Structure formats: structure tokens, C-alpha cells
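Model the full structure from these sequences, guided by the hints.
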Amino acid sequence: MSQNRQIRDVVFVDGVRTPFGKAGDKGIYAGTRADDLVVKCIRELLRRNPGLPAGRIDDVAIAATTQTGDQGLTIGRSAALLAGLPKSVPGFAIDRMCAGAMTAVTTTASGIAFGAYDVVLAGGVEHMGNHPMGSGADPNPRFLSERLVDPAALNMGNTAENLHDRFPAITKDRADAYAAASQRKLAQAYGNGQIQPDLVPVATRKPGQGWTLNSVDEPPRPGTTVEDLASLRTPFRAHGRVTAGNAAGLNDGATVALLAAADTAAELGLPVRMRLVSFAFAGVEPEVMGVGPVPATEKALKSAGLTIADIGLFEINEAFAVQVLSFLDHFGIDDEDPRVNRYGGAIAVGHPLASSGVRLMNQLARQFEEDPTVRYGITTMCIGLGMGGTIIWENPHWTGGTDSKENAA
Amino acid sequence: MSMDDYTALAAQFADEIVTHSLVQDVDLPGGGGTLALITLDNGFDHKRPTTLGPNTLVELGILLEKLRDRAAMGEIAAVGVTGKPHYLVAGADLSAVKRLHEREHGVLMAQLGHEVYSTLNDMGVPSFVFINGIALGGGLEIALNANYRTVSTGAGSLGLPEAFIGLVPGWGGVYLLPRLIGPANAVKVMIENPLSNNRTLTGPAAFDLGIADALFEPADFLEQSLAWAGRVVRGELTVQRPHAVSEPLSAADSAAWDQAVAAARAFVQARTSNAAPAPARAIDLLEQGKNYTKAESFEQENLALADLMQTDEFHSTVYAFLDLVQKRGKKPAGAPDRALARPVTKVGVVGAGLMASQLALLFARQLRVPVVLTDIEQARVDKGVGYVHAEVDKLLSKGRISADAANRTKALVTGSVSKDVFADADFVIEAVFEELGVKKQVFAEVEAIVSDSCILATNTSSLSVTAMAEDLKHPERLVGFHFFNPVAVMPLLEIVRAPKTDDAVLATAFETAKALRKTAVLVKDAPAFVVNRVLGRMFGEITKVFDEGTDAATADNALRPMGLPMTPFRLLALVGLPVGQHVQESLHAAFGDRFHVSANQQRLIDAGRKGLWEQDGEGRSVVPQETLDLMTFGTTPSTGEEVLVRTQDALADEIGRMLAEGVVAGPEDVDLCMITGAGWPMHLGGITPYLDRVGASERVLGHRFHAAAARQVA
Numbered sequence: 000m001s002q003n004r005q006i007r008d009v010v011f012v013d014g015v016r017t018p019f020g021k022a023g024d025k026g027i028y029a030g031t032r033a034d035d036l037v038v039k040c041i042r043e044l045l046r047r048n049p050g051l052p053a054g055r056i057d058d059v060a061i062a063a064t065t066q067t068g069d070q071g072l073t074i075g076r077s078a079a080l081l082a083g084l085p086k087s088v089p090g091f092a093i094d095r096m097c098a099g100a101m102t103a104v105t106t107t108a109s110g111i112a113f114g115a116y117d118v119v120l121a122g123g124v125e126h127m128g129n130h131p132m133g134s135g136a137d138p139n140p141r142f143l144s145e146r147l148v149d150p151a152a153l154n155m156g157n158t159a160e161n162l163h164d165r166f167p168a169i170t171k172d173r174a175d176a177y178a179a180a181s182q183r184k185l186a187q188a189y190g191n192g193q194i195q196p197d198l199v200p201v202a203t204r205k206p207g208q209g210w211t212l213n214s215v216d217e218p219p220r221p222g223t224t225v226e227d228l229a230s231l232r233t234p235f236r237a238h239g240r241v242t243a244g245n246a247a248g249l250n251d252g253a254t255v256a257l258l259a260a261a262d263t264a265a266e267l268g269l270p271v272r273m274r275l276v277s278f279a280f281a282g283v284e285p286e287v288m289g290v291g292p293v294p295a296t297e298k299a300l301k302s303a304g305l306t307i308a309d310i311g312l313f314e315i316n317e318a319f320a321v322q323v324l325s326f327l328d329h330f331g332i333d334d335e336d337p338r339v340n341r342y343g344g345a346i347a348v349g350h351p352l353a354s355s356g357v358r359l360m361n362q363l364a365r366q367f368e369e370d371p372t373v374r375y376g377i378t379t380m381c382i383g384l385g386m387g388g389t390i391i392w393e394n395p396h397w398t399g400g401t402d403s404k405e406n407a408a
Numbered sequence: 000m001s002m003d004d005y006t007a008l009a010a011q012f013a014d015e016i017v018t019h020s021l022v023q024d025v026d027l028p029g030g031g032g033t034l035a036l037i038t039l040d041n042g043f044d045h046k047r048p049t050t051l052g053p054n055t056l057v058e059l060g061i062l063l064e065k066l067r068d069r070a071a072m073g074e075i076a077a078v079g080v081t082g083k084p085h086y087l088v089a090g091a092d093l094s095a096v097k098r099l100h101e102r103e104h105g106v107l108m109a110q111l112g113h114e115v116y117s118t119l120n121d122m123g124v125p126s127f128v129f130i131n132g133i134a135l136g137g138g139l140e141i142a143l144n145a146n147y148r149t150v151s152t153g154a155g156s157l158g159l160p161e162a163f164i165g166l167v168p169g170w171g172g173v174y175l176l177p178r179l180i181g182p183a184n185a186v187k188v189m190i191e192n193p194l195s196n197n198r199t200l201t202g203p204a205a206f207d208l209g210i211a212d213a214l215f216e217p218a219d220f221l222e223q224s225l226a227w228a229g230r231v232v233r234g235e236l237t238v239q240r241p242h243a244v245s246e247p248l249s250a251a252d253s254a255a256w257d258q259a260v261a262a263a264r265a266f267v268q269a270r271t272s273n274a275a276p277a278p279a280r281a282i283d284l285l286e287q288g289k290n291y292t293k294a295e296s297f298e299q300e301n302l303a304l305a306d307l308m309q310t311d312e313f314h315s316t317v318y319a320f321l322d323l324v325q326k327r328g329k330k331p332a333g334a335p336d337r338a339l340a341r342p343v344t345k346v347g348v349v350g351a352g353l354m355a356s357q358l359a360l361l362f363a364r365q366l367r368v369p370v371v372l373t374d375i376e377q378a379r380v381d382k383g384v385g386y387v388h389a390e391v392d393k394l395l396s397k398g399r400i401s402a403d404a405a406n407r408t409k410a411l412v413t414g415s416v417s418k419d420v421f422a423d424a425d426f427v428i429e430a431v432f433e434e435l436g437v438k439k440q441v442f443a444e445v446e447a448i449v450s451d452s453c454i455l456a457t458n459t460s461s462l463s464v465t466a467m468a469e470d471l472k473h474p475e476r477l478v479g480f481h482f483f484n485p486v487a488v489m490p491l492l493e494i495v496r497a498p499k500t501d502d503a504v505l506a507t508a509f510e511t512a513k514a515l516r517k518t519a520v521l522v523k524d525a526p527a528f529v530v531n532r533v534l535g536r537m538f539g540e541i542t543k544v545f546d547e548g549t550d551a552a553t554a555d556n557a558l559r560p561m562g563l564p565m566t567p568f569r570l571l572a573l574v575g576l577p578v579g580q581h582v583q584e585s586l587h588a589a590f591g592d593r594f595h596v597s598a599n600q601q602r603l604i605d606a607g608r609k610g611l612w613e614q615d616g617e618g619r620s621v622v623p624q625e626t627l628d629l630m631t632f633g634t635t636p637s638t639g640e641e642v643l644v645r646t647q648d649a650l651a652d653e654i655g656r657m658l659a660e661g662v663v664a665g666p667e668d669v670d671l672c673m674i675t676g677a678g679w680p681m682h683l684g685g686i687t688p689y690l691d692r693v694g695a696s697e698r699v700l701g702h703r704f705h706a707a708a709a710r711q712v713a
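In order, the protein sequences belong to chains Z and G.
For the record, in the first sequence the residue sitting at position 387 is 386 according to numbering that gives the first Met the number 0, with numbers rising by one throughout.
For the record, in the second sequence the residue sitting at position 16 is 15 according to numbering that gives the first Met the number 0, with numbers rising by one throughout.
Warning: the hint list may mix true and false statements.
One side of the interface only, derived from the structure: several residues of chain Z facing chain G at Cβ under 8 Å [stated by the list, open to error]:
#1 VAL38
#2 LEU81
#3 ALA82
#4 PRO85
#5 LYS86
#6 PRO89
#7 PRO196
#8 PRO200
#9 VAL201
#10 ALA202
#11 ARG204
#12 TRP210
The following residues of chain Z were derived to be distant from chain G, with all beta-carbon distances above 10 Å [claimed, not checked]:
#13 ASP117
#14 PRO131
#15 ARG141
#16 LEU147
#17 ASP172
#18 GLY207
#19 THR211
#20 SER214
#21 ALA243
#22 THR263
#23 VAL271
#24 ALA308
#25 GLU335
#26 PRO395
#27 TRP397
Partner residues are not named here, just some residues of chain G that face chain Z (Cβ under 7 Å, in silico) [unchecked claim]:
#28 LEU21
#29 GLN23
#30 VAL25
#31 ASP26
#32 GLY29
#33 LEU36
#34 THR38
#35 ASP212
#36 LEU214
Calculated from the structure, these hints are not laboratory results.
Just so we're clear, the structure is a prediction, and the values are computed from it rather than from any experiment.
We treat Cβ as the ideally placed atom computed from N, Cα and C, and that holds for glycine.
As C-alpha cells, this is what we get:
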């Protein structure tokens, strides 16, 4: 039997997300459940892809960093039931902190490649208002007693300050300039209508206010200048460099993507928006977790037989500006390189931990459509406790115009 | 008029739980501008339904007027209304409406609703109602008055129950509904359903009838409704209303309208004998509304509402439905603290006859614990268990229960010829022959087997529970558990406390009744308890006037104004003449000549007759001459009016005695028993408000059952 086994191509068919909200009592999703956010995404994906019979979905993988309360109860399965998928469709929960949704995608994609699945839903959710970062965690005392991990590494802001220490060339001014650009690029993308098509409006209700409909992201601060950012305090270290302005905020939101085997997509007439080329995860010192995307990307490039020069578009999660800049410096890419985060990034739009991976994919897929000169792009992100994850995608709309692969090969 | 004209009315209801009109601007998905989204919300959770009182309506009216101004200024492109979770609105605040003692206030309340709802109909921009949950009466009429409606598949309890409550759908429903969904469908919704146990519609049913223009699932109902509204506002979608009737009416529509009116009248005649005024008034409005303008209809609706708000039938229905069935039925007077109740994990039923089998089925289905039937003969046991299994199969074939539930229920019910199977039961009920000696012997045998804490219950309808307990080792464990036939259908359970019954046993009995989904009423151990005693007194009067020489039709139809579900002689035939006679004899034995035992009835029984009335060759009800020949009659016939007054007085006398004896806590319990155990009409409040109204209680007892202030009629 194994002689007949073939690896199948995996394609990204579609992805949607809820507008992201600010965590906390005043945020748009205060009083709204995390699992309900996932449900809205699943139902929208099915509406957008009427060619897909719901019964053909082979699994539903949903990530969450904190898997209790409204993010507990094996959220992939419970969200599938709540979304009204047939009871024959299974589901599971997944966790790799910030790279939860990304791992949901790579795990189920592996299942497709192996032949176990034809069609899957993969995504993530984090309601950081309902589940503050680290809540309920019980770090093993051995971390401390055996100096396995600097306790400071459990606070992500500290790891960002550590990264500034490691790379003195990355100054606060550079970080602020990068952050202001992120806000500007997101505002432009909104203006161009490049963000809205993948958003699922969510109705929410608060006591004394009644129902409303949330159709846009809450966190962005368009018009932010470097001067505005310069004055912000540095909460993680006195006279430090990391501020609320050059880091992603604390957010609520959910994302879900639809993946399929290439042959199944053809059979059902589903659009192919990206083709998965390779992926990799890598570990680094937890104290500088932000540098994780570097080894992860090198690993993914290697397994794909590509070099960084082959990559025409980068969607890198902006947990912290310093973490993006350390990646760009490593690969010799300019801070303002137009291939990087064309629609801005998490500093502007927000980063509901386990959900963000699919947001990067939605945006890369749209940029692929817009830019058929690009053949390869990556989505990459840093991950708490010292990890990075990278997926390399191929653009099905690539016209062969500027084939950088030729150069690499 | 403006909302200012209603502030005085609203001020009378300072304690109203106001359903607030919360509003937020939302962008229509896909473009098209701003929709002002109103949420109707009283600030409480689902346990407190949102209702419409005068303050609520004034607040909504003021908001809608503001939004109409904003629409005129081009600030908003649409208006939408929805509710808090589970409710659009549960209807008018009846506790407020019943306090509108002045007719002019009733008129004002009716006008207020029309004023507010008409604004919603004419905003200058499209108006939408998103029916997310329960929408009854004035709640559904909000939706009917809007330009467009969506409904959730998860919404239930949609309807216009006004005809049941004693009002008419007078906030536009009676005019708008037949035009929206066609007159025949409208009759179903506003006449037939209310008068069929107050049946309501689900979301999908409302959509199929044409009440809503679009149907969405609850998971993203509001999001999809808003997206749909966006398409309507942008003109991308033309709403189809296949059942709608447009004006001027075509000849075919006009004929269908007349036909629907005629069918409605026939239905009401058959169901209620026109005993209550509201359904007829609703049909009048429907009939005349065919040719009314909207304004003319609304004017007539106001008058009808104002008239009906002052009727005894409306006040009695509010008393019967809200105060008794909804409130007292759920919190029985005199029930001990439920914390005292013990768990019931296995039930024994002594006997395997029809009653015992019905009890076994009920206990197994509702309590979901093992139920074991016993009888002395294996064949009877097999028959009893077989009955239960066959009934379960019937439920399965009708799709009422799943195959798994059917398997489970069948497996729960077993039988035995030995009472040893009761050893681990917590609750053993007997349904054996109605004779004290037999029952005492059964309980003596059971008590030798069961644990000391096992509760013993008797389903006796006429014997003394006190006497039954006398020789028990643990008399405190015996309680009366009197069901009504058919057990699966009749809601009432009379729970009989004997002098020694202890609180834990009684509390367990009430908790068990609740688990069985029965309406429990606590009664003292007195012959025939409540329902059979009241019915027995009534039967006694009717058979007596018949025996005295009143003809059958006069005697049997005299009580029509009491709105009984069935005439006395027909009910006796249904119960079975021998059973009725047996009850009558035991009542006579207990109370003497107040309870007439008819020699003529005995002659019918002896001759094997099933009842007085028979169908002749042409389907008419007659008493055959050979039946009459069996009997002897006196020479002092009464008129129908005399029979009615005599029966009223007899019932007032009997109920007065029951209250004096402390059989129940108050006249409310008598009414609750007669409504849920005998199907007596809510529009008369059961019986005691009726006896007050016709003066019987004053005549016989010298006082009313209810203080006059409790139901003031101007």
C-alpha cells in the first residue's frame, strides 16, 4: 500500500477573520465569547465557498493559547458543532502560542499531503480580554532553579528589550519609524479596500447599549507619527526602547482558513489562492524569542531549495518592531523594503495571539493576486518560549515575468 | 398627536419595568449607508421577558420620531429593530393593561401603540424588524408594522394570542396580517392558533406563512439580517411576498377573504360556542377590514381594544393564565421547602391495568428511572408492560422520540408477579381496585418489602388517604397522588396530604410532580378532593333536574354560559356511567343528599347503556325513546335559566364549604384545579370569578370569593 502513497499538493483556498478588537472592558468584544468569534469565521468561509459541501470537511483545527473557558472544550470540535457543520465533521484544539493558527495550518496541511484529508478548516482565536496573557499558567519551578530559562523570558516585552541589547544597531528610533510606517501602510490598505474583503462583520451587544455591528479593526491608530511614538513610556525597562507604540497590543479576534488538496480543489471548483511550498519551525533562546523567524525561515528555504532572494513578498508578524528589524537585518533587507508587510502589520492591526497566523496568509494571498510578478512569498512569526515559524507559499497567479527562481537555481 | 399626549398615561405606571429602546448606528454591510439599529432590552436576563407598557411605548415613539428626522436629513438610510437574546418582545405588559380601569385610558393605550408603530411604518427610509426570538401579540405587531422582516430559525413562540387572552390584535395586526400573508393564513395565526391551546409558530413556520421575508440561522442571525437589509436598501434584492393581498382586492381575493371570515366564525363557534367576546370581535374587524382604509381599521381597533380591556373575560383570562397557570401552577401554595425532597431513583407501580400502565409510561418517560409494574397474574403483567412498549413505539413512529430514547424507555419498564422487586424502590404508587380493604392490604405487603424511607402513594380518587395510612408502620410516608385521565394529557395532579404525611414526603411528591411536568395542587384529605367533588356536585344538579322532569336537551345545555368543554351528559358518557355513578355514591355517602344519586342513571347502567345521547340515522343527537322508556320522571321541570342558576348556587355552596373545610388554600386553587384537571375555561377564570360575577357567591355565601377590587370593572 505504501508504494502507492503520493505526496499531494496543498492549496490555500480562502481565509477570513473577524475584525480585531482591543482587549479589555471597553473593547468591542468585551462580553462576547471567543468560540462565537470562531463560529462567525467558519460560517462565512462556507458562504463564500458554496462549491464546498460542508460534509467534505475532514477536520477543523482551531488554535488558542489559553484553552480554558470559552476557549476550552476542544475548541475545534465545539466551534464546528456551534457553526452548524455536520456532526460527522471532527475537530481539535491546537496550541503553539502566537503561531497557533499557523501550526493549525501546517499540521492539517501535512495531513492533506499525507492523504489523510482532502479539505480542512484551520485557524485560531485569542480573546485576550477574557484570557489575559499567561493567566492560569503554572511555570515549572525548575525553569528557575536550574536556570533553564530566565524568568524574564516569560514576559514578551522583556524579550524584546533583550533583542535590542543583542542588536545595538536596532535603535528605538528605528523601531518607532518602523511602527509609524506600519500604521501608515495599514491605513493605506484600508483606503484601497485591501483589508475589508476578508473581514467577517460581528454583531455584539453590551449592557445598556444594545446591539452593534463591528466591521473594521479597532486597534489601528492611523496618523501616528514618530513624534507621537517618541513620547511613549517604556513599561518593560526604565529608559528602555519597547513601547506600546512599537509593539502589537493586547487584542481579541479569530481567523479561519480553508485548505484543500490541489486535486480536491479542482474537483470542487474551489479557487487556489496560494500553494504551500514548505514550512519549518525552529527554536531559539527563550530570552530572545523574537529572533525565532530567522532560523525558521532558513530551515524552510533550505527544504524548499530556495534562497531569501527568491522571496518576493514577506508577511511577518509584528509582535515587536525590534523583532521584525532583527529579521530584516539578518537577511540584509531594508527597513522600508516594499516587499515587507505591504498592508502594515500587527503593530497597527493587532495580534490576538493564536489567531494571527491566518491573518498573514489572508494578506499574502491577496498580495499574490495583486502582484503576478511575484512567485514566492513567506508568512513568518516569532513564538513565545523561543521559537519561530515560517511557511513558504507559491503564487498561482505568477506569470513567469520575473522568475527569481531561475537566479536561485 | 405626539408622544407628549401620552406622558400622563405613562406616569400612571411608575413601576413599569421599561423595555428600553437602545440605539446604535451601524454601517450596512456592503455599503448603502447607516442603519440605526434599535435593541429592545429591559436590562434583565432571559428570565424577565421584555414587555410593552406605556412608558416603553413612549420611549420607543420618541426615538422613532428622532430617527425619522435624521432620515429626513439624510443621516440614516434605514432603521432596524431587534431584541435582547431570546426575545423580540413577549407582548403587551398585561399587568399594566389590566390596571387600565378607565375606558378612556384603554383607548389612549391602544392609540399609543398605533401611533408608535405607524411611525415605524413611515420612517422615510426602509424599516426592518429582525425577529430574533419570542414575538407575541404587540411584539409581533411591531414587526408587522415595519416595511421588512427577517426571522431566526431559532425563534419560537411567534404569534398573536390576543383572541385567547381576551383582546384583539389591535395594534395593526388584524389589518396588516391578512394583507401580508392572505386572509386564510391570517385566520390561522390570529384565531385558530390562539384557540388551540394558545399554539404559536416557530421561525421557519412564520417564514413559510409569509410573516417574514427572510430566514436566517441563529449563529449569525443579526449579521446576516443586516447584510440582507443592505441588499434591500441598495435595491439589489426585490422582496417576494407570494401570499400578500394587494389593494384593490381582486374578485378572487375578495371571495377568499369572505371564505376565510366564514371559516373563522365556524371555527370559533365549534371551539367556544361563542362564549367569549374577543374572537368574534377579531373576526368582525377582519370582515369589515376588507373594505377599511388603514386609518379606519386602526380607529376601530382602538375601540375594540378599549371595549375588551374592560370585559370580565379579559380580566378573568389574565387571572387564569398569568396568575394561576403561569405563576401559582409553578409555585404551588403550601408546598414544603424543596430542599427536603428525597431523590427518586426507582419507581414501583402496584397493578398493571390501564391506569397503572399509563403511570408507568409517564414515570419512565419523564423521570427516566426504572419503573416496575406488579400484578398477581403474569398475563396481566405482560399486558401492562406490553401496553407501555406499544405506546413507546407509537411515539417513535410519530417521530416524537428518538430510537435511542425509545430503547431506553422500554428498557426502564419491567414487570413482576412478586412485590420483592420493590425492595430498592424509593417511590411506590398503587393503582389497584378502588376499595379501601384492597389498598390497605397492598400497602401492608409493600411495606414489608421496601425500605423505611420509601414513599407510598395512592392514586385513589375517592377513598380516604387517612384511613389507608392507619395500619401502616410508617403512616408518615403515605401521600395521595391523584392523576386525571388521560394521564399523558391532563396537566393536573392533586397531591393529597393526610394528617400524618410528613414534609419530606410531601416535598418529594411536589418535586416528583414537577419532574413529571404536572401542575400540582396541594389538597387536604377530604372525599373526592377538588375536581371530582365540584364535578360531582354539578352532575348531581343536572341529573336531578333531569329526574324531576326537565327534558334532556334543556338540562344538558343549560350550562352553556359556563363554557365547559363538554356538556354534563356527554362528559358522563365519556367517563363511563358506572364510574360516574360510583363517584356519586361515594360523595353521597360522605356528604349526604347534597350529592344526588340518580336512580335513572342506575337504570341506564343496568340496561347496559353507554350514555344518554345517541346519534340518529341523520347524525343528530337524540335520546332514543327506548332509553327514555327505561326511566321514570317527575313532574316539576325547570327552565334552562333555572337550571343554570341552581347549578351556580350549588357550586358556590360546595366551593364555599371546601374553603371552609380547608381542602385547598384558597379559591385560586379551586380554579387552577378546574382549569387544568377538567378543562374549565380561562375566560371565566375557572369558576370562582364567574360565580362572583353572576352573584351566586353573594346569594349563597353572603360574600364574594374574590375581593371586588381585585377585578374592578368600570
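Status of each hint after checking the structure:
1. VAL38: holds, 5 Å
2. LEU81: holds, 7 Å
3. ALA82: Where the cut-off is 8 Å and the nearest Cβ of chain G is about 6 Å from ALA82(Z), the hint holds.
4. PRO85: violated, 14 Å
5. LYS86: violated, 14 Å
6. PRO89: violated, 19 Å
7. PRO196: Because about 11 Å separates PRO196(Z) from the closest Cβ in chain G, which is outside the 8 Å limit, the hint is violated.
8. PRO200: holds, 5 Å
9. VAL201: At 7 Å from the nearest chain G Cβ, VAL201(Z) passes the 8 Å test, so the hint holds.
10. ALA202: Check passed: Cβ of ALA202(Z) comes within 4 Å of chain G, closer than 8 Å.
11. ARG204: holds, 7 Å
12. TRP210: holds, 5 Å
13. ASP117: The assertion about ASP117(Z) holds, with a minimum of 25 Å to chain G.
14. PRO131: holds, 26 Å
15. ARG141: holds, 44 Å
16. LEU147: holds, 44 Å
17. ASP172: With a cut-off of 10 Å, ASP172(Z) remains clear of chain G, as the shortest Cβ separation is near 38 Å.
18. GLY207: violated, 7 Å
19. THR211: Its Cβ does come within 10 Å of chain G, the nearest being 4 Å, so this is violated.
20. SER214: violated, 6 Å
21. ALA243: With a cut-off of 10 Å, ALA243(Z) remains clear of chain G, as the shortest Cβ separation is near 28 Å.
22. THR263: holds, 26 Å
23. VAL271: Non-interface label on VAL271(Z) holds, nearest chain G Cβ at 26 Å vs cutoff 10 Å.
24. ALA308: Non-interface label stands for ALA308(Z): nearest chain G Cβ at 41 Å, farther than 10 Å.
25. GLU335: Check passes; 33 Å lies beyond 10 Å.
26. PRO395: holds, 27 Å
27. TRP397: Holds, since 31 Å exceeds 10 Å.
28. LEU21: Nearest chain Z Cβ about 3 Å off; hint holds.
29. GLN23: holds, 4 Å
30. VAL25: Check passed: Cβ of VAL25(G) comes within 4 Å of chain Z, closer than 7 Å.
31. ASP26: holds, 6 Å
32. GLY29: Status violated, d = 10 Å.
33. LEU36: For LEU36(G), the interface hint holds, since the closest Cβ of chain Z sits about 6 Å away, which is under 7 Å.
34. THR38: Since the shortest Cβ distance to chain Z is 3 Å, the answer is holds.
35. ASP212: violated, 19 Å
36. LEU214: violated, 14 Å
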